[in-house]
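Trainee: Okay, here's what each chain looks like letter by letter:
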Amino acid sequence: MAGIAARLTDGLSRRTVIWLVFLLAALVIAPWLLNDYLVTVLILILYLAFAGQAWNIMMGFAGQLSLGHALYAGLGGYIAAVLFTRYGIGPWLGFLAAMPVAAAAGAIIGFLAFRFGVTGVYFAILTIAFAEFARIGFDHLAIVNAAAGLFLPVAQSAHNDLWRLRGDPTMFYYVMLAATLVALLLCRLLMRSRIGYFWLAIREDEDAARAVGIPTFRYKMYAVMISAALTSFTGVFYAFFYNNLFPEQVFNISQSIQMILGPIIGGVGTLFGPILGAFVLTGLAESLNAALTAFGLDLPGAEQVFYGVCLLLVVGALPEGIWPPLARRCGIAERAS
Amino acid sequence: MTALLSLAAVSKRFRGLLAVDGVSFDVAEGTLFAVIGPNGAGKTTLFNMIAGATPPDGGTIAFAGGPIGGLSADEVCRRGIARTFQLVRPFPALSVEDNVIVGALLHRHDVGAARQHAHAVLRRLDLFDKRRQRAATLTLPDRKRLEVARALATGPRLLLLDEVMAGLRPTETDRMVATLRELNRETGVTILLIEHVMRAVMALASRVLVLDHGTVIAEGAPETVVRDPAVVRSYLGQSHHELGAG
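Those sequence lines, one after another, are chains A and B. Residue 316 in the numbering used here sits at position 316 of the first sequence; the count goes up by one each step and never skips. Residue 1032 in the numbering used here sits at position 32 of the second sequence; the count goes up by one each step and never skips.
If you are wondering where the hints come from, they were derived from the structure by calculation, not from laboratory data. Possibly wrong hints are sitting among the right ones.
[Unchecked claim] Not the full set, but computed from the structure, chain B residues with beta-carbon under 8 Å of chain A:
| hint | residue |
| --- | --- |
| 1 | 1073 |
| 2 | 1074 |
| 3 | 1078 |
| 4 | 1083 |
| 5 | 1085 |
| 6 | 1089 |
| 7 | 1091 |
| 8 | 1094 |
| 9 | 1102 |
| 10 | 1103 |
| 11 | 1106 |
| 12 | 1150 |
| 13 | 1154 |
[Claimed, not checked] Simulated restraints, written as ranges between beta carbons of each label pair:
| hint | chain 1 | residue 1 | chain 2 | residue 2 | range |
| --- | --- | --- | --- | --- | --- |
| 14 | B | 1093 | A | 217 | 20 to 28 Å |
| 15 | B | 1009 | A | 217 | 29 to 37 Å |
| 16 | A | 120 | B | 1072 | 20 to 28 Å |
| 17 | B | 1072 | A | 319 | 28 to 36 Å |
[What the hints assert, rightly or not] For lysine to aspartate or glutamate, the following DMTMM-like pairs were computed, each having C-alpha atoms within a straight-line distance of at most 25 Å:
| hint | chain 1 | residue 1 | chain 2 | residue 2 |
| --- | --- | --- | --- | --- |
| 18 | B | 1130 | B | 1172 |
| 19 | B | 1130 | B | 1186 |
| 20 | B | 1130 | B | 1182 |
| 21 | B | 1130 | A | 205 |
| 22 | B | 1130 | A | 10 |
| 23 | B | 1130 | B | 1174 |
| 24 | B | 1130 | B | 1110 |
| 25 | B | 1130 | A | 320 |
We put the beta carbon where it would ideally sit given N, CA and C, even for glycine.
Construct all of the structure, not just a fragment, from the sequences and the given hints.
Mentor: Have a look at this one:
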């Protein structure tokens, strides 16, 4: 246990560890201090932080731009929901089933792209295309109720059932907090291992990576599959939190875009960027909504405009994202990557 | 003694142009072997075929007794051939140290062990003090040294250096020559270099091959090759001042 703790904190300054512990403590006690609405906002933030972290493995680490991550989330959600509603199989086992399916979907896209030299924007378009195939396909798939949508029975029990993910927002909050923490630690371990270095090399210059002996095809496949498997959890969570799934929603490109805004605002390729980005974006967007409501204004689409403005500001003023300059200022920089 | 690298009748055609035309030569283990020739002679194409960046159209390339012609670049590197690029290509956003760690990880699975090895290589190339800098912030001479360090960290038996002296000032060239010599002497690594800077070739190479229009026009000890009339006519005639400087 001490060994693992040492390995996880290796290379972090004392100051960073203190900050992280403080932040984690604040997040742990947050549900006692906040009302249900704010807890729900925090759930959304953590959900996006997790999704951003998963997407970042592909783009931030291995340099492969995916604009179709809704595919993996949607597959995860539908698999877990169908197993639950039809066979009574709980979400955790459902997640175990969803992971390999999402990884396989990622492997198919990766294989087609990397084998036939589809790179850059063309690769991104391919990922969109597959998410769109899934959206249209699921719209006509009887086993998932097609376009009419799949509904999960809403819990009537008085207590929280963690195994079946039926319960109040506080339970969902802790589940997502734990998941986000696991994703952060996993990414840190990946980044500090051989695979992480090889991904960065591929991101920086694929020909040069090949010249130092890295089998780039295989390592890009690993990146897509790990990222897809991790992303499938967001779908499982979505299904059990919202209790409904519509192909039109879960496979929509807007879902894919929402997942990547956090890391882009926070800092692509950094470990903390996706988390910071999710907090900043969702936090500000919700404040905006609250302010508009308080002033009695009803402006549909204000949130989307706000996201657009944020993106413009960050891309223009802080092309690395918010986190890298902030980390340098606080003297807790991650390694130069 | 058998050759470490052996090329027999290797050819490469780009559309109508025969870039490399039936080139054969052997590089003995532990030597410093230079390939020279005018621009467009086919030197880099030859290099790219050895390194697996482009497959040859004809002929055989053998390394350490096995054929490597047509293997992928990463496979060639895993067999023990590491290269640098003519236009340097370090991983720009990574630190100098991380650049070299990537190379060291080829035959090591533990990052700690790779870092230790990287430090040893960085010391050898005089880059240890700059290990925390981003590679993109290095000066050209240092980026060239970093390319050598990254390639060397993969633990090659053969190092392919594509014009590592180009663009260096004479003092920097001398420094690179000294480094490469020391490297060859102390580690026994075989070095095959493409070079335009005759001053460096004369100081380093134990054997020189001259390419012109894709074919070998001379091969031998450097002192003999520079007196070869065909070599003087096709190549050295244009760079007498460099010889004089060397």
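Trainee: Indicate, hint by hint, whether the structure satisfies it.
Mentor: Against the structure, the hints come out as follows:
1. 1073: Hint on residue 1073(B): holds, closest Cβ of chain A at ~4 Å, below 8 Å.
2. 1074: The hint holds - residue 1074(B) has a Cβ within 8 Å of chain A, the shortest such distance being about 5 Å.
3. 1078: holds (5 Å)
4. 1083: holds (5 Å)
5. 1085: holds (7 Å)
6. 1089: holds (4 Å)
7. 1091: At 4 Å from the nearest chain A Cβ, residue 1091(B) passes the 8 Å test, so the hint holds.
8. 1094: holds (6 Å)
9. 1102: holds (5 Å)
10. 1103: Holds. Min distance 5 Å.
11. 1106: holds (4 Å)
12. 1150: At about 6 Å, which falls below the 8 Å cut-off, the nearest Cβ of chain A leaves the hint on residue 1150(B) intact, so it holds.
13. 1154: holds (5 Å)
14. 1093(B) / 217(A): 20 to 28 Å: Hint holds: Cβ distance 22 Å, inside 20 to 28 Å.
15. 1009(B) / 217(A): 29 to 37 Å: holds (31 Å)
16. 120(A) / 1072(B): 20 to 28 Å: Holds, since residue 120(A) and residue 1072(B) (Cβ atoms, about 21 Å apart) stay within the stated range.
17. 1072(B) / 319(A): 28 to 36 Å: Holds, at about 34 Å.
18. 1130(B) / 1172(B): holds (17 Å)
19. 1130(B) / 1186(B): Satisfied, since the Cα-Cα distance of roughly 24 Å is no more than 25 Å.
20. 1130(B) / 1182(B): holds (21 Å)
21. 1130(B) / 205(A): Satisfied, since the Cα-Cα distance of roughly 21 Å is no more than 25 Å.
22. 1130(B) / 10(A): holds (22 Å)
23. 1130(B) / 1174(B): Answer holds: residue 1130(B) to residue 1174(B) is near 20 Å, not above 25 Å.
24. 1130(B) / 1110(B): With a Cα-Cα distance of about 23 Å, the restraint between residue 1130(B) and residue 1110(B) holds, given a limit of 25 Å.
25. 1130(B) / 320(A): Cα-Cα ~23 Å, so holds.
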